[in-house]
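Protein chains in written order, with this note's numbering: chain A, 160 to 371; chain B, 160 to 371.
Think of the hints as simulated: they come from the structure by calculation, not from any bench. Hints may be right or wrong, so weigh each one.
Here are the simulated distance ranges between beta carbons [as the list claims (entries may be wrong)]:
#1 A/268 with B/339: 37 to 43 Å
#2 B/167 with A/252: 45 to 51 Å
#3 B/364 with A/250: 42 to 48 Å
#4 B/264 with A/173: 40 to 46 Å
#5 B/264 with A/210: 42 to 48 Å
#6 A/163 with B/184: 31 to 37 Å
In this text, a Cβ means the ideal position worked out from N, Cα and C, and glycines have one as well.
Listed here are the chains, written in short residue letters.
2 protein chains.
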Amino acid sequence: MAFVYERDPQAIYRQSYATIEAEADLAALPQTLRPVAIRMIHACGMTDLPGNMAWRGDPIGAARQALAAGATILCDAQMVASGIIKRFFPSTDIRCDINAPGLADLAVKLGTTRSAAAVEMWRDVLAGSVAVIGNAPTALFHLIEMIESGGPKPAAIFGFPVGFVGAAESKDALIAADLGVPCLTLSGRRGGSAIAAAAINALSSEELRGNL
Amino acid sequence: MAFVYERDPQAIYRQSYATIEAEADLAALPQTLRPVAIRMIHACGMTDLPGNMAWRGDPIGAARQALAAGATILCDAQMVASGIIKRFFPSTDIRCDINAPGLADLAVKLGTTRSAAAVEMWRDVLAGSVAVIGNAPTALFHLIEMIESGGPKPAAIFGFPVGFVGAAESKDALIAADLGVPCLTLSGRRGGSAIAAAAINALSSEELRGNL
């Protein structure tokens, strides 16, 4: 049987975005967050995400400005880095330290997870960066603790850890903390690398121009 | 402020899995699918996944047998390949053709998406493989069409396209088709690379031994 389905990538994007705009409550979000919410919803198939979106300041403006000035994107998980569309950010360094040499030893030394230890490895490059947590609650907690204890500040934080142990708590802590860093998160258990990468992809000029 | 949170990876897994077992309706699933459902839920934070899980035959047994015999894992998206834990499958070839040379031209020639064209590139290696679709409905539709038109059969199909245009339809088509290939899918809009990679990671002996 030959199936009848849309095969044109542009048409697929247009139809997807139209469905999302029809079903999702985007009106509750600031204008700058709407295209980001659309892309996040597109990545997970769930139109009720806006009700869980939480933010401080203008993470989109801050991240776009930082990227335009050459900021690095720091990711906690290789899946997040893989999900960022490289041609959207042709001159941006996208870094993930989860497979860095010495990481396992550092994690043992710090008494924490490899994901949190990988965040510790960002200390020299964190200032002015765009930090993206798409997997580990411990990574987001460690990032908040580093900044609260006087460490360098990224330009913006996109915090989307997922799951059952510390995910909701770490995202609540991000919003509650007064870090002086614009941030975007998704309260509750949902999150993950696809949603995190989608939020970053939505920052690109290509995306904003509809040039997918 | 120093936060109080679980930092021990083994304890995090144990607590996560205990929460999932307490909240998710796993009893409706065959025994072989329960550890897979747990890992999929762990990856997305949503305990209601079992109600949308659909399958034909024994995809877990078929895939594990194929992997033990040296089967390749074929992924439609780089994020899926990135999410598969390499040390769980030390001697397995994990392949994704989305960045293959000539793919864009092939997509134009076939009048379809790059994701579907990448599946076409699997034709010589598809027989006996473990095929994983974690992103594109067009990729799953193309895979079904290839097999229905007499093409080679993988050992098992894990079909988790996500989104608003063709995702639910492609997954319904997978279950409705009588391909003679064991398969696992998630009906509706939800899916994506994290859930797909989680299903594959659950196939490993390491996972089954609880050796995370």
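Now for the hints, and whether the structure bears them out:
Against the hinted window of 37 to 43 Å, the Cβ-Cβ separation of residue 268 of chain A and residue 339 of chain B comes to about 53 Å, which falls outside the hint. The hinted range of 45 to 51 Å is not satisfied by residue 167 of chain B and residue 252 of chain A, whose Cβ atoms lie roughly 32 Å apart. Checked against the hint of 42 to 48 Å, the C-beta distance between residue 364 of chain B and residue 250 of chain A comes to roughly 43 Å, which is consistent with it. Here the CB-CB span from residue 264 of chain B to residue 173 of chain A is close to 24 Å, at odds with the stated 40 to 46 Å.
A beta carbon spacing of about 43 Å between residue 264 of chain B and residue 210 of chain A agrees with the range 42 to 48 Å that was offered as a hint. Separation of residue 163 of chain A from residue 184 of chain B is about 34 Å and conforms to the stated range, judged on CB atoms against 31 to 37 Å.
Hints 1, 2, 4, counting from the list given before, are not met by this structure.
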